[in-house]
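Put together the whole structure using the sequences plus the hints.
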Amino acid sequence: MGSLRIKHSGQVFTPDYLVADILDFCGYVESPRILGKHIIDNSCGEGAFLCEIVGRYCRAFRAGNDDIALLKDDLQTYIHGIEIDAGTYERCIENLNLVALKFGVTDVDWDIIEGNALKIKIYDGTMDFVVGNPPYVRVHNLETDYTDVKQFTFANGGMTDLFLVFFELGLRMLSAGGRLCYITPSSWLNSLAGENMRREIVLRKYLTGVVDMGHFQPFKATTYTLISRFEKVEDNDRIDYNVYDERVGKIRHIDTLSYDEIQINRKFYLSGKKELELLKRIRLSASDSYVRVKNGFATLFDDVFIGELPFMEYTIPVLKASTGKWSRAFFPYDEKGSPLAYELLSESESVCRYLEDHAEKLLKGRKRSETPDWFLYGRTQALKDVCILKYAVNTCIKGVESIKLTEVPPGCGLYSGLYILPDKGVTFDMLDRIIRNEEFIRYVSLLKNYKSGGYYTFNSKDLELYINYKIQLEYGKGRDNLSTGQLGLFESAY
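So the sequence shown is residues 1 to 494, counted in my numbering.
Please note that a few of the clues may not be correct.
Computed cross-link-like contacts, DMTMM-like style, restricted to lysine to aspartate or glutamate with a CA-CA straight-line distance of at most 25 Å [as the list claims (entries may be wrong)]:
#	residue 1	residue 2
1	K274	E246
2	K232	E313
3	K320	D303
4	K121	D73
5	K361	D334
6	K205	E261
7	K273	E234
8	K274	D462
9	K361	E313
10	K72	D148
11	K448	E200
12	K336	E313
13	K280	D240
14	K294	E438
15	K336	E347
Ranges between beta-carbon positions, derived for each pair [claimed, not checked]:
#	residue 1	residue 2	range
16	R172	R62	31 to 37 Å
17	D260	E360	51 to 57 Å
18	T371	R292	30 to 36 Å
19	L101	D235	44 to 50 Å
20	W326	K367	35 to 41 Å
21	K294	I264	18 to 24 Å
22	D288	D235	39 to 45 Å
23	L101	R281	57 to 63 Å
24	I264	L35	38 to 44 Å
25	R266	T147	25 to 31 Å
26	F428	K367	44 to 50 Å
Simulated from the structure, these hints should not be mistaken for lab results. Just so you know, even glycine gets a beta-carbon here, dropped at the ideal spot from N, CA and C.
Following this line, the structure appears as structure tokens:
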């Protein structure tokens, strides 16, 4: 499947082993209990889920009944699907026919609709099970307009991920007591786009279980994934937290959590109870501000502003925080971070020639007369802090050895990472003990911002909250009492 198809249709097909795990997690297991129960995959693709569903239904039926005509009627009555792509729809029907044939059933009039699931309402309130792998496409990348999307509360006005809309669609299809189980990106747990969905989840309390896939990526074309289970029941306050153990290919239960335990500042976090308690203390504690953490330069054209420049005027040493390597940056600003006039810069023949050579790229098709700041960085962050001491840190880490904490002296800048502005008494050694530490790795892992290769990422707020909490915990409230005392952060949680 080409990346363009993935981008515009959102189709990402699910491996068989994962389909089986999701159906098990949803409770659609091979037993008489699934007979006479309605189930739908509302973005069924070529039928990965539906084929497994048909196989399970047929085996459960044949275990106690040999009436092929009745089995055929059941398949036509209780198994449903929707697929928007005509070619994919045809392949789905072909695949379902092959499965049914194994059980002696032919000429099934499948209730699979070729159409846009967002416009179909005949299944609302009728399904015992809703399962699947909904489209992962960004709404603004859809091949058609997204007018239909805007009607959904989870869409946040339309600019969102389509899979969020399918959660709302699936919940709408459920009957009382019904279950929904999707595999989707995990971003809805804490993204801005998922805010409406989380608000509804807290209100209705339909979420009853999750399987955190962690760094395991079952799909090459997508992000890090989560299996979510919802049940249309009342008075639920139990969420089964599970992880996927890729070593044995099994779902492993970790803890049972309450809604209060997983919420921090209207975002959801997943882990065991004790680690969530600690995470909540770090992110909600009213610690003194010992440090501030900010983002480094964002020139938007690093290849123009940073590297081997043909002049030294108006340049400063610059650190690439992600690699720890130094180079030089053209810095068209004064010591306070205010822009220098182009007329002043152009007094240097080499600087003027360089800027003119790159003017077309920096202007990006705009007119120079309408873009007086065309020769400046794309964003203003970090400009005012060049002339003060700071400490750079990379934001993509795996273990302690991957953390790069570097002193950036006054007069130097940094990009591709964060920097720490320390208050009086906060030293490099102190920060080094706090950050280059297994406890920090564990903290970042709780945030669950996964990257490929077993790495995690974090942002400026994540780091600032942690450092301030840790200094407060280790050194107490008095700034004059900063010492070298140490207290294991995670040990304090138990």
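- Take a look at whether the Cβ-Cβ distance between K294 and I264 falls inside 18 to 24 Å. Holds: the Cβ-Cβ distance is about 22 Å, inside 18 to 24 Å.
- Task: Check the following: the C-beta atoms of R266 and T147 are separated by a distance inside 25 to 31 Å.
- Result: holds (28 Å)
- Message: Looking only at beta-carbon atoms, does the pair F428, K367 fall within the given range of 44 to 50 Å?
- Response: At 47 Å between Cβs, range holds.
- Query: Cβ-Cβ distance between D288 and D235: within 39 to 45 Å?
  - Reply: holds (41 Å)
- Query: If you draw a straight line from the CA of K336 to the CA of E313, is it 25 Å or shorter?
  - Reply: holds (17 Å)
- Holds or violated: K273 with E234, Cα cutoff 25 Å? holds (23 Å)
- Item | Pairwise hint evaluation, D148 against K72, where the allowed Cα distance is 25 Å at most | violated (35 Å)
- In this structure, is the beta-carbon distance linking L101 and R281 contained in 57 to 63 Å? holds (59 Å)
- Restraint status (C-alpha distance of K232 to E313 at most 25 Å): violated (67 Å)
- Is 35 to 41 Å a correct range for the gap between the Cβ atoms of W326 and K367? Cβ of W326 to Cβ of K367: about 36 Å, so the range 35 to 41 Å holds.
- Query: Does 38 to 44 Å hold as the CB distance between I264 and L35, or does it fail?
  - Reply: Holds, since I264 and L35 (Cβ atoms, about 43 Å apart) stay within the stated range.
- Confirm or reject the claim that T371 and R292 have a C-beta distance inside 30 to 36 Å. Once the Cβ atoms are compared, 32 Å apart, the range 30 to 36 Å for R292 and T371 holds.
Hints 2, 10 from the earlier list are contradicted by this structure; the remaining hints agree with it.
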